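Novice: Given next are the chains, with one letter for each unit.
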Amino acid sequence: MENIIGESEKNGSVIKSRSKTEWYLALATLLILAVAWWTGKENRASTQSQKIEAFYPDSLYRIMPADQNIWLLQTQRQQDTLFLAAGKAKGYAGPVKILVQYNQELKIQQLHIWSASETPSYLSKVLNQEFIQTFKGKDYDDGLKKLAQTDGVTGATTTCRAIAKATEKASGKIAQYTGHPFKATRNNIPVMGSKEIILLLLFTLSMITRLPRFRYKKQTRWLTLAAGLILLGFVYGQPLTLTNINSFLMGFWPQWQTQLYLYILILGMLLILLTTGKNPYCHHFCPFGAFQEVLGLLGKARPIHLKTRYLWIWLQRALAWIAVIIALLTHNPGISDYVVFGAAFQFTGSNLLFILLGLITATSLFIKKPWCSYLCPIRPIIDYIRLFRTKTLQLWTGRKHQQS
Amino acid sequence: MGLIDIFITPLFWIIMGLLYALIIYSARYWAKDLGLKMNWWKWLLSGLWFILLILTLAGGMTLIGENEVRGGLYFLGFFLIISLILGVVLWRILSVNRKKTDR
Amino acid sequence: MSKKPAKKLSRRDFIKYSGLAGAAISLGGAAGAGYFNGKNKATHTGWGKDAYGENQFFNRKPFEAATPTYEKAGKVRRIGYLENIFKRNGELYRLMYPRDGSKPQWSLDQGIDDLPEPLRSYYRNHPGSLKEFKKAIERSRQQRKNWEKYKDQYLLADAWSAAHSSPLRGREAFPPEPDGPPEESDFKGINTKPYRLKSPQHGSRLIKKITHTFGATLVGIAPVKEAWVYQGYLRGVGKTRFDKPQHWKHAVVVAIPHEWESLYANPTYGTSYDAYSMLNFIAGKLEVFLKHIGYAARSHVPPTDYDIAMPPLAIDAGLGEQGRNGILITPELGANTRLAAVTTNMPLQDDQPIDIGVKEFCRKCKICAEECPSGAISFAEKPPAPVRGYLRWEINQDKCFTIWNTVATSHPRGCRICLAICPYSRKNNWIHRLAKEIDPYDPTGAFSSAMLAMQKGFFSYPGGEAYLPPPDGNNAVYQDPPDWLKMEEWFEL
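Chains as they are written, first to last, in this note's numbering: chain A, 32 to 435; chain B, 807 to 909; chain C, 3 to 495.
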């Protein structure tokens with residue numbers, strides 16, 4: 032039983048019938064998205080300069096810029112001059128900028144998170160676990176390499192590593208400025224781990240099952256769903272989320288050497304979507320989709336046929352659109368991510384997300400894949416991209432017909 | 807704390823015992839009318855499921871009473887969902903070969 | 003098509019529907035009973051209760067171990083008295099503010115080299131320590147200024163604390179300070195014609211019952227190991243090196259909890275003095291009792307009147323095990339365990355130490371480390387280095403003390419957050435009793451991992467800095483204080 036909405040190559044008529052209004056709407060959306068992106072970028076730049084004063088208020092400290100991203104710091108009481116240096120590294124959802132305070136001997140005294148776009152609940156997890164405390168008292172080049180390779184706080188590894196890497200970069204700057212020796216970590220060799228291989232396998236398998244004469248469609252699909260649920264969902268904890276898409280839109284591209292997985296995921300999806308129009312992720316290995324399908328099996332869930340189907344589709348699209356706009360305006364890919372995956376697979380998230388997760392879990396028993404059909408932002412985004420593809424193909428074949 | 811002391815009186819527990827007897831007695835009629843083919847392990851599973859439900863409610867509410875409101879609510883939310891899922895599974899097991907009667 | 007006959011409520015239907023209603027009511031009953039159980043104050047172990055409290059004792063017999071659960075890892079040595087932060091801070095204060103009004107011998111602007119021995123050697127070996135002390139002094143000035151602001155909120159708590167601490171101050175405090183060497187002081191006023199005990203077991207059982215009537219929650223008997231005795235300072239004598247006195251054969255170790263409802267509202271609403279003053283009375287009375295029946299006795303009581311370190315002594319007495327936050331965790335009271343002891347030469351049978359899996363639990367848990375506002379508690383999987391010959395947890399005392407000087411109390415009188423949020427420090431109702439009783443029997447640790455997953459997943463904690471006053475935090479507390487400590491309930495503000 033296929034889903035009624037989603038596999039729109041079968042239901043292309045649903046889109047084509049009101050295509051003109053939708054097409055203009057799609058174009059308008061594109062314009063608004065661009066404006067939001069630009070506004071967000073401008074806003075972010077101005078708030079950063081105010082931040083350093085927030086950390087070191089004028090009444091207690093004197094700050095003198097010494098070099099690019101380096102400041103001299105003096106307190107009222109001590110005669111020692113301390114150093115401040117800023118370093119930037121790529122986090123999970125965007126760059127993480129750290130301000131480090133060093134004493135005269137270049138021992139780290141304080142770390143401030145200058146700016147970060149990480150999802151708020153993950154960031155507070157890191158802060159709550161006092162990951163930052165482990166830096167205090169360390170020499171500027173001591174163990175930072177090791178820290179950059181530890182797992183840090185469970186479930187927020189990328190964030191922790193970004194903090195460590197940013198600190199290392201700041202240390203490099205201050206070492207250079209003060210004439211201390213410094214050995215930076217080499218740029219990592221691209222890591223092709225089990226995660227990446229599994230993902231590639233999943234993509235391949237899902238495309239194979241689409242071949243017309245393939246006889247084991249059902250079994251393969253259950254295999255990819257199971258792999259998606261267990262591996263992508265619980266073991267790796269990296270399903271496709273709105274944060275990933277927002278980061279991608281905003282140009283926050285993580286280090287490809289260590290985050291090859293994300294690149295394969297997003298670029299693979301885009302490639303398959305643009306060339307074949309198919310969406311392998313949702314149907315074949317989305318962990319949360321698999322979660323709902325399993326529950327649906329247990330409860331004999333049926334898709335519901337609503338008369339107001341069209342309204343619900345547009346509501347789902349509006350929700351996704353608003354979330355993306357908010358992310359662009361605030362220049363923060365993770366801020367509006369209402370996707371429940373974090374709550375489901377890593378028990379991280381706000382109270383609201385957990386309530387939502389509970390409702391969806393209960394509903395999945397009786398209604399087939401309710402999140403996918405009514406709430407997931409990934410669907411509308413894929414539909415949106417597919418619309419442009421369809422239009423392009425139409426224009427292309429239309430021109431061809433005219434020529435022949 | 808006056809009204810709440812009801813729950814500690816012996817009378818409360820006597821009434822609960824009576825209720826359990828009533829539940830078990832009526833359950834056989836329910837099973838017959840719903841056309842369920844019951845046997846000893848199906849009764850056992852049903853009983854265990856009901857106990858799970860009772861423990862979930864009692865445990866979550868104990869936490870809330872202890873002033874751990876968020877902990878209690880999450881406890882309830884989590885285990886009630888689990889109970890729901892297991893309940894659906896239980897229903898599927900019980901209703902194998904179910905004969906739909908018109909009573 | 004024949005019409006259906008009018009529906010009359012048959013006996014069968016009646017039974018069915020009342021059964022259904024009964025099921026609904028019983029679920030409601032379970033919920034209500036659960037809620038009542040949670041609210042029930044009678045399940046607070048120990049505080050204010052007599053020795054006959056309802057099933058408040060954990061059965062230790064199945065978990066008695068041949069040796070205590072701390073690991074020996076190197077050469078054992080006694081604790082230097084300067085390794086106790088209150089002793090060394092006390093020395094620094096006396097140098098900075100001499101009691102007799104003479105010229106200060108040292109000031110904060112001076113360095114380590116200006117200090118007299120043995121302080122100089124100590125701080126040379128622990129350079130961060132003096133820096134932290136200076137930080138604590140700075141913070142205490144701010145703390146005093148803050149008190150004007152926060153009096154409106156915390157005066158009741160402060161008054162309650164002052165009340166409890168009042169018997170502890172001054173020369174007239176009870177129990178009286180030892181006077182002279184232990185060979186004299188412990189025997190002062192002793193009954194010179196004691197009766198013979200039937201056996202050491204009789205002695206132990208008698209003393210435990212008596213001590214319970216004085217108000218103790220937990221009592222255990224331990225041999226006095228020399229390693230636990232402070233070196234370099236002996237009460238009643240002064241700064242001196244000494245061997246453990248011969249007549250310190252056994253120690254009667256006493257444990258009581260803090261008042262529970264104020265405990266969960268630390269650091270601002272709770273206090274240490276409620277337990278401290280009770281322990282002073284219990285141990286002091288026991289000392290008098292022992293001397294009266296003919297045995298030498300000396301009390302070791304909080305806040306600082308100890309010659310012996312309490313937690314390892316309590317571990318030897320089988321009361322509990324050491325937790326990550328460095329203090330004793332008992333099955334009944336969790337980390338909310340305050341200790342005192344009375345050393346004596348009475349023939350007693352020592353209790354066996356126990357192993358209930360606290361070490362394994364602390365390895366996984368780390369909630370106290372996450373919540374400590376100063377980061378004084380280690381996050382390491384195992385204790386990183388042996389301390390005086392034993393592999394055990396050790397906190398950073400100086401960082402802890404700095405926080406005492408930061409929180410919104412009238413003066414530095416403790417923090418106690420790690421006591422309050424430890425998962426072991428819970429009420430004695432059915433759910434926690436189940437967890438506490440089942441966990442030690444599970445050799446795989448799967449049960450405690452599941453409990454811990456729920457503890458970390460379902461419960462939220464304010465997080466380290468939130469407990470501090472603004473701007474670092476917002477004077478957060480783990481649970482709401484009881485109404486009898488809330489100013490706004492009783493006073494016009």
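Rather than coming from a laboratory, the hints here were simulated on the basis of the structure.
Everything numeric in this text was worked out from a predicted model, so none of it was measured.
Some hints here could point you the wrong way.
[To be verified] In silico lysine to any residue, SDA-like type, Cα no more than 25 Å apart, as pairs:
| hint | chain 1 | residue 1 | chain 2 | residue 2 |
| --- | --- | --- | --- | --- |
| 1 | C | K458 | B | L882 |
| 2 | A | K138 | C | K18 |
| 3 | C | K18 | B | V875 |
| 4 | A | K167 | C | P129 |
[As the list claims (entries may be wrong)] From the structure, some residues in chain B lie toward chain C, with a derived Cβ separation under 7 Å:
| hint | residue |
| --- | --- |
| 5 | L863 |
| 6 | V875 |
| 7 | R876 |
[To be verified] Which bits of chain A does chain B cover? Going by a derived footprint, with three or more residues having C-beta under 8 Å, they are:
| hint | segment |
| --- | --- |
| 8 | 339–348 |
| 9 | 392–400 |
Even glycine gets a Cβ: it sits at the ideal position worked out from N, Cα and C.
Novice: Now tell me if each hint is right for this structure.
Specialist: Quick rundown of the hints versus the structure:
1. C:K458 x B:L882: Satisfied, since the Cα-Cα distance of roughly 15 Å is no more than 25 Å.
2. A:K138 x C:K18: violated (76 Å)
3. C:K18 x B:V875: Status violated; Cα separation ~36 Å.
4. A:K167 x C:P129: At roughly 15 Å apart (the allowed maximum being 25 Å), P129 (chain C) and K167 (chain A) satisfy the hint.
5. L863: holds (4 Å)
6. V875: violated (10 Å)
7. R876: holds (5 Å)
8. 339–348: With 0 residues close enough to chain B, the hint is violated.
9. 392–400: holds (count 3)
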